[in-house]
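Engineer: Okay, here's what each chain looks like letter by letter:
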Amino acid sequence: MQRYILSRVIQSILILFGVLFIIFFMLQLTGDPVSLMVSRNATPEQIEALREEMGFNRPMVIQFADFITGAVVGDFGMSLRHRQPAMKLILERLPATVELAAVALLLSLAIGIPLGLLGGSNPKSVWDTLARGAGLMGQTIPNFWLALILIVVFSVNLGWFPTFGRETYEFMGLNLPTRSVILPSFALGLFTTGQIVRFTRSAVLEIKNEDYVRTAYSKGLSENHIYIRHILRNASIPLISIVGVQFGYLLSGSIYIETIFSWPGLGNLLAESIGNRDFALIQAIAFFTSLVVVALNLLTDIAYGLADPRIRYGD
Amino acid sequence: MILEVKNLVLRFYTFDGVIHALNGVSFDLEAGETLAIVGESGSGKTVAMMSLLNLLPVPPAKIEQGEAIFYDDKGQVDLLRTTKQERCRIRGGRIGYIFQDALSALNPVMTVGRQISESLTEHLGMTYAEAYKRTIELLKHVGIPGAKQRYKNYPHQFSGGMRQRVMIAIAIACNPKIVIADEPTTALDVTVQAQIVDLTRQLQKELSIAVIWITHDLGVVAGIADRVLVMYAGSPVEISPVDDLYENPRHPYTKGLLAALPRMDQSVRKLVSIEGAPPDLLEPPRHCQFAWRCSLVSERCWQEIPLPVETGPRHFVSCFADP
Ligand SMILES: Nc1ncnc2c1ncn2[C@@H]1O[C@H](COP(=O)(O)OP(=O)(O)O)[C@@H](O)[C@H]1O
Ligand SMILES: [Mg+2]
Chain A
1 MQRYILSRVI QSILILFGVL FIIFFMLQLT GDPVSLMVSR NATPEQIEAL
51 REEMGFNRPM VIQFADFITG AVVGDFGMSL RHRQPAMKLI LERLPATVEL
101 AAVALLLSLA IGIPLGLLGG SNPKSVWDTL ARGAGLMGQT IPNFWLALIL
151 IVVFSVNLGW FPTFGRETYE FMGLNLPTRS VILPSFALGL FTTGQIVRFT
201 RSAVLEIKNE DYVRTAYSKG LSENHIYIRH ILRNASIPLI SIVGVQFGYL
251 LSGSIYIETI FSWPGLGNLL AESIGNRDFA LIQAIAFFTS LVVVALNLLT
301 DIAYGLADPR IRYGD
Chain B
1 MILEVKNLVL RFYTFDGVIH ALNGVSFDLE AGETLAIVGE SGSGKTVAMM
51 SLLNLLPVPP AKIEQGEAIF YDDKGQVDLL RTTKQERCRI RGGRIGYIFQ
101 DALSALNPVM TVGRQISESL TEHLGMTYAE AYKRTIELLK HVGIPGAKQR
151 YKNYPHQFSG GMRQRVMIAI AIACNPKIVI ADEPTTALDV TVQAQIVDLT
201 RQLQKELSIA VIWITHDLGV VAGIADRVLV MYAGSPVEIS PVDDLYENPR
251 HPYTKGLLAA LPRMDQSVRK LVSIEGAPPD LLEPPRHCQF AWRCSLVSER
301 CWQEIPLPVE TGPRHFVSCF ADP
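Same order as they appear, the protein sequences are chains A and B. Residue numbers 1 to 315, in the working numbering, belong to the letters of the first sequence in order. Residue numbers 1 to 323, in the working numbering, belong to the letters of the second sequence in order.
Simulated from the structure, these hints should not be mistaken for laboratory data. Keep in mind that the hints are not guaranteed to be accurate.
Said to hold, decoys possible - Derived lysine to aspartate or glutamate pairs resembling EDC-like cross-links, with alpha carbons at most 16 Å apart: (1) B/K152 <-> A/D308; (2) B/K205 <-> B/E30; (3) B/K255 <-> B/E30; (4) B/K84 <-> A/E223; (5) B/K6 <-> B/D78; (6) B/K148 <-> B/E130.
Using the sequences and the hints given, assemble the complete structure.
Structural biologist: As C-alpha cells, this is what we get:
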C-alpha cells in the first residue's frame, strides 16, 4: 500500500509539471502575448515598455524557468485587471466555489444513493422507474437549462429562494451556507446525481446476486440489514472513485451555473478573466483547477485502497 | 424426527425452457443424525437444500409441489410455506448452512468476527459486547488460533481451511437444530478435508445437531453418515443406513457409484465409470431417469416412474429391476 501511494504521488507531481508546461506554452502559441494584452491604439513604445515589464523579451528558457519557480510557490504574477496577485484572487473566490461544490455533492449523494438502492433492490417497481428516469435525465438535461427553470419556478413564482447571489450566515467566525446555495448546487449537481443513481442501482443489482449475500440471507438477517450492511457496503467502494472524480469536476467551478446565479466563485472569476484577457489570472485558475483535480484523484485512489481491505492488507 | 420432506417438485423457468430440477424428493431426518446426500453434480442436491431455506432466486425457481415439515419446539412449520418472520427465525437460528465455496460465500469487506457476530446481535438480540464474547468462543471452538486477532481479519487473510471453519462458526452460531453442509470440503486439499470432517463430527456430538452432508463423493460418506440418500437427475433413487448401502446396494446407479470408488484392496487402481450422461433436465421425466444408462433396463422402465420400495430396515429403493 505504501509503495502504491508513493508511486501515485510521484505520478501526480509529474502530471502537474506537464500541466504547467502546457499552460505556459499555450500562451506563447497565441502569438505575441503582449499584443493581446494592450489596447489597439497603443504606441510601439508602450508595447515595448510592457514587454520589458512582463519580461517577454528574455530568452524562452529563462521565461519558462521563471514561470515554473513562481508556479511552484503559487506565484502566477499580477492580474492585469485587478492589480493584485492572481493567486490571492483565486483564494478569495475559493470559499464560494467550495461551498457550492460541497453542497452539490451532498445533495447528489443524499438523492442518488437512496434512489439507486431502492431502484436496484426492487427492479421493475415504481422506484426503479424513478431511479432509471432520474439517472437518464440527470445525465442528459443541460444544467444551465435546469438552472433557469428552477429560478423561474422556485425563486420567481414561489419566492422560496433568492434569484441570485450568495448569502452566508456568520457563526463563530465561519461563513455558513444559507438557502441561497440550494438552487445553484442542485443544478450543478444534476449530472453527478444522475451518475450516482445509475451507478448505485447497477451495483446493487449486481451485488445482490453474490454468494455472500445469499450467506447473509441464510443467517436470518433482515432485508434492511442485508441491503445496508452487505450490499451497500460493497457498492460503496467503487462508488468512492465516482465521487472523487465528480467532486473534482464540481470544484473546478462551473462557468454556466456561477454566471446564471451570480455566484462569486472561481467559475465566475474565470469567465471574467477570459473576457478581460487577464492572462496571469487565466493561467493561475487553469493551474489551480488542475491541481484540485489531480489531488482529488490521488486522494480517491488512496481512499479506495483504504476502504477495500483486499487492497489495504495487500503487499 | 426433526425434518420430513415429502414429494418436493421444483422447476426453473428459464429462457431456454423449464428445468425439471427436483422431481419428487422425499426424505426424513432424525434429530442428531447425519444424512449424506450423494449424487453427481447437477443432480439437484444444492437446489433441494436451498429450497428448504428459500434461498433460491424466485423467479426462475418455482416450487410446484411438496412440503417440508420442520418439527420445532414451537410446533411444526412447513419450510416451503413460511412467513417472512418465520423464515428469518429459522434461517441461521434453527437451520445453519455451510456453503461450498467459503471464499465467495464470505463478505470480502466485512471482518470475519463481524460476520459471525452480526447474526448474534440481529438474531438473538445480544448486545455488541455479548456477541463479541460469544464470537471469540465460537472462533476458538472451531479451532481458529489467535481468535482475538482473527476476529478483526478479513476473509482473504485466511487459508481455505480456516475460511471453512469460519463458515462452520457462522452456521452453528445460534445453536441450530440442523446444519446443512453443502460440499464443504470440495475446494480443499485432502488433509484439510479430513480436519473439516473431524471438526464437523466433533461439533455435531457436542451440540447434538442433525447434519445433512452433501457430497458427490461416496468415498467420504462412510466415515461421516448414519444414512445416505442417493440422488439422480432430481430424483431420489435410494435411501439407506450407511452400512447396508455399502454391503447391499440395490439401485444400479448406487452399485455403479460404489464400483467406481478406488479401493484399498486392489493393487491396480481400476476406475470404473458409469457409461453415458445424465438426462436433459429440460425434458419432463416420463419414466425411470436412469433407464438410458442402466444395464438392467426392461420394458417397464421406459413406461413408468418407479416409486420407492422398502427392501430392508429403513432401506428404500426406486427401481423395477431390484424389488
Ligand atoms: N438459478 C438457477 N437457474 C436455473 N437453473 C438452475 C439454477 N440453479 C440450479 N439450476 C439447475 O438445477 C439443477 C441442479 O443443480 P444443483 O442442485 O446445483 O446440482 P448439485 O448441487 O447436485 O450439483 C442443475 O441442472 C442446474 O443447472
Ligand atoms: Mg451443488
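Engineer: Hint by hint, note whether the structure agrees.
Structural biologist: Hint check results:
1. B/K152 <-> A/D308: Satisfied, since the Cα-Cα distance of roughly 14 Å is no more than 16 Å.
2. B/K205 <-> B/E30: holds (14 Å)
3. B/K255 <-> B/E30: violated (26 Å)
4. B/K84 <-> A/E223: holds (10 Å)
5. B/K6 <-> B/D78: Holds. B/K6 to B/D78 sits at ~11 Å (cutoff 16 Å).
6. B/K148 <-> B/E130: OK: B/K148 and B/E130 at ~14 Å, within 16 Å.
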